[in-house]
Amino acid sequence: MRHLEDSTISNPYASPKLHYLDKIRARLPWAVFWALAAQGILSITRFFSKMVVGGRFGSGEPGYGCEADLAYYDAAFGIMMLVLALHEALITTPLTFFNHREKKTVEQTFAGKMLYLSLLFSILALIVMAIVTWYQYAVIEIGQGFLWAMIALTALVPFQLVKEFSKRWLLANLQVRQSAMLEVGFATSFLLLIGGLIYMAQVNAATVFAITIVANIICLVGWWAYFKDSFSVKLDGVRQQAGDNFKYGKWIAGENICSVAMMFFSQWFLISSVGEVAAGVYSACLTIVFLANPFLLGVSSVFAPSVAREFNQKGWKGMLPVLLSYSAFVSLVLIAFSAALFFLGESLTTFAFGEKYSDYFAAIGDGRNTVTFLLSLAMPCFGLSFLLTCCILAADKPVYCFCAAFVGLMTTIGMNFSFAQPTLHTAAASFVVGAFATMLFRALVVLKMYRDYQKGDRCGSPEVAPT
5 MRHLEDSTIS NPYASPKLHY LDKIRARLPW AVFWALAAQG ILSITRFFSK
55 MVVGGRFGSG EPGYGCEADL AYYDAAFGIM MLVLALHEAL ITTPLTFFNH
105 REKKTVEQTF AGKMLYLSLL FSILALIVMA IVTWYQYAVI EIGQGFLWAM
155 IALTALVPFQ LVKEFSKRWL LANLQVRQSA MLEVGFATSF LLLIGGLIYM
205 AQVNAATVFA ITIVANIICL VGWWAYFKDS FSVKLDGVRQ QAGDNFKYGK
255 WIAGENICSV AMMFFSQWFL ISSVGEVAAG VYSACLTIVF LANPFLLGVS
305 SVFAPSVARE FNQKGWKGML PVLLSYSAFV SLVLIAFSAA LFFLGESLTT
355 FAFGEKYSDY FAAIGDGRNT VTFLLSLAMP CFGLSFLLTC CILAADKPVY
405 CFCAAFVGLM TTIGMNFSFA QPTLHTAAAS FVVGAFATML FRALVVLKMY
455 RDYQKGDRCG SPEVAPT
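Residue numbers (the working numbering): 5 to 471.
Don't read these hints as lab results, they were simulated from the structure. Be aware that a few hints might be false.
Restricting the straight-line Cα-Cα distance to at most 20 Å, the calculated cross-link-like pairs of lysine to aspartate or glutamate (EDC-like) are [said to hold, decoys possible]:
#1 Lys452 <-> Glu314
#2 Lys254 <-> Glu111
#3 Lys232 <-> Glu168
#4 Lys108 <-> Glu187
#5 Lys318 <-> Asp248
#6 Lys107 <-> Glu314
#7 Lys401 <-> Asp363
#8 Lys108 <-> Asp240
#9 Lys251 <-> Asp456
#10 Lys321 <-> Glu187
#11 Lys321 <-> Asp400
#12 Lys107 <-> Glu187
#13 Lys318 <-> Asp240
#14 Lys238 <-> Glu111
#15 Lys318 <-> Asp456
#16 Lys459 <-> Asp363
#17 Lys238 <-> Asp248
#18 Lys401 <-> Glu359
#19 Lys401 <-> Asp248
#20 Lys232 <-> Glu111
#21 Lys401 <-> Glu314
Simulated DEER-style distance windows between Cβ atoms [to be verified]:
#22 Phe299 <-> Lys452: 23 to 33 Å
#23 Gln148 <-> Glu359: 20 to 30 Å
#24 Ser329 <-> Glu65: 50 to 60 Å
#25 Ile221 <-> Phe51: 17 to 27 Å
#26 Arg455 <-> Phe299: 43 to 53 Å
#27 Thr192 <-> Val337: 26 to 36 Å
#28 Asp233 <-> Thr192: 21 to 31 Å
#29 Gly67 <-> Ala366: 44 to 54 Å
#30 Gln317 <-> Trp138: 48 to 58 Å
#31 Val225 <-> Arg50: 16 to 26 Å
#32 Asp363 <-> Thr192: 42 to 52 Å
#33 Val225 <-> Ile131: 20 to 30 Å
#34 Gly460 <-> Gly371: 33 to 43 Å
#35 Ser276 <-> Ser351: 47 to 57 Å
The C-beta atom is built at its ideal place from N, Cα and C for all residues, glycine as well.
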């Protein structure tokens with residue numbers, strides 16, 4: 005559940021130049037609005053695309069999507085998210101951290117080096133994705149529907165990576181409104197194209213990935229035409245910059261990959277062990293649960309800079325009360341969200357994806373859909389885990405975030421394999437337990453660091469550690 009926030013706003017380390025904090029503070033209200041708007045547009049677009057791929061606008065006819073198409077789409081999307089997570093850690097997050105807001109020529113040279121590294125990463129990702137797709141076809145012998153989805157995804161990955169770079173570059177340079185406009189352009193193009201797929205009855209995972217390529221190209225052409233003068237591509241210093249990026253982002257990369265793998269492992273496991281239809285129903289239920297994401301986005305835009313500021317000024321003595329107050333608020337809201345899905349989860353899933361998703365549970369003898377509610381129990385864990393992560397990063401201990409994500413992933417994998425008869429309920433339970441394990445590990449880390457601070461304070465050590 006990380007990386008929902010505008011990194012320029014919520015990450016106090018985004019700019020090492022302290023004299024720019026006043027400028028950020030002056031822009032904060034509108035910047036937060038545009039950041040929330042951009043994420044809201046992206047969330048709505050993704051939600052609608054899953055509805056379409058899942059067959060919401062068809063009545064079971066071929067060409068209008070189905071449960072299996074949704075399973076293929078989500079499984080392939082999870083693989084792309086792994087690539088994006090690595091790109092974020094090694095390219096776009098260092099882009100924000102090392103961003104030079106000095107002379108125009110220095111800014112252009114730095115932006116050019118980072119763009120070159122992003123393009124190089126995209127080419128390498130394309131090669132790796134092609135190898136993975138061939139391996140799945142030749143060795144694992146995946147079905148034709150998933151094969152075409154993977155082929156389309158392989159073509160999409162480099163465009164998606166560069167588009168993510170363009171958005172994060174805008175955010176790193178405090179152009180939050182332009183970043184939102186980029187998302188508006190993408191959403192408009194995508195929705196028009198997906199409407200054409202519905203009209204022509206050509207909806208499936210592969211075709212939706214294909215129109216995503218077109219929408220990304222449209223956005224990138226407009227972005228490059230408008231901002232190309234901000235880049236000066238020179239190869240001098242590129243190797244040094246790559247080394248700096250890796251040194252800064254290696255633990256972030258590990259955490260991102262483990263977090264994404266934990267999110268999608270149950271989905272991948274269901275496809276291989278139960279079937280595409282079951283995996284598609286699971287994906288629909290999880291999509292409803294992630295309706296809570298905008299709330300976490302709003303909290304992130306306020307909480308992350310608050311705890312960083314308190315830690316820098318007062319140390320743990322200032323940060324702990326903020327953590328406790330936000331934890332109580334987030335827990336209350338997300339527990340209420342889970343309680344609401346206990347009553348409305350089945351209805352919301354049926355409304356968004358169609359009657360056939362409820363019929364699946366009747367056909368297997370469960371009677372009603374309780375998977376949506378079961379998955380929602382992970383949301384309070386994710387919410388608290390995010391708050392704890394912000395505190396750990398404020399204390400400059402990213403390695404602990406990686407360890408927590410790794411524990412969550414291993415727990416999820418172990419839980420899935422521990423059941424003799426995998427079902428949607430066992431997959432959902434594994435997901436929830438993995439989320440809880442991640443949250444618990446981070447809570448224990450924060451508790452340990454706070455106790456270490458108390459011991460150091462009693463011994464007369466400085467209260468505020470340099471960050």
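Hints and how they fare:
no. : hint                          : in the structure
1   : Lys452 <-> Glu314             : holds (19 Å)
2   : Lys254 <-> Glu111             : violated (24 Å)
3   : Lys232 <-> Glu168             : holds (16 Å)
4   : Lys108 <-> Glu187             : violated (26 Å)
5   : Lys318 <-> Asp248             : violated (30 Å)
6   : Lys107 <-> Glu314             : violated (31 Å)
7   : Lys401 <-> Asp363             : violated (48 Å)
8   : Lys108 <-> Asp240             : holds (17 Å)
9   : Lys251 <-> Asp456             : violated (26 Å)
10  : Lys321 <-> Glu187             : violated (40 Å)
11  : Lys321 <-> Asp400             : holds (16 Å)
12  : Lys107 <-> Glu187             : violated (29 Å)
13  : Lys318 <-> Asp240             : violated (42 Å)
14  : Lys238 <-> Glu111             : holds (12 Å)
15  : Lys318 <-> Asp456             : holds (16 Å)
16  : Lys459 <-> Asp363             : violated (59 Å)
17  : Lys238 <-> Asp248             : holds (17 Å)
18  : Lys401 <-> Glu359             : violated (47 Å)
19  : Lys401 <-> Asp248             : holds (18 Å)
20  : Lys232 <-> Glu111             : holds (13 Å)
21  : Lys401 <-> Glu314             : holds (16 Å)
22  : Phe299 <-> Lys452: 23 to 33 Å : holds (29 Å)
23  : Gln148 <-> Glu359: 20 to 30 Å : holds (27 Å)
24  : Ser329 <-> Glu65: 50 to 60 Å  : holds (52 Å)
25  : Ile221 <-> Phe51: 17 to 27 Å  : holds (23 Å)
26  : Arg455 <-> Phe299: 43 to 53 Å : violated (31 Å)
27  : Thr192 <-> Val337: 26 to 36 Å : holds (32 Å)
28  : Asp233 <-> Thr192: 21 to 31 Å : holds (25 Å)
29  : Gly67 <-> Ala366: 44 to 54 Å  : violated (26 Å)
30  : Gln317 <-> Trp138: 48 to 58 Å : holds (54 Å)
31  : Val225 <-> Arg50: 16 to 26 Å  : holds (22 Å)
32  : Asp363 <-> Thr192: 42 to 52 Å : violated (35 Å)
33  : Val225 <-> Ile131: 20 to 30 Å : holds (24 Å)
34  : Gly460 <-> Gly371: 33 to 43 Å : violated (57 Å)
35  : Ser276 <-> Ser351: 47 to 57 Å : violated (30 Å)
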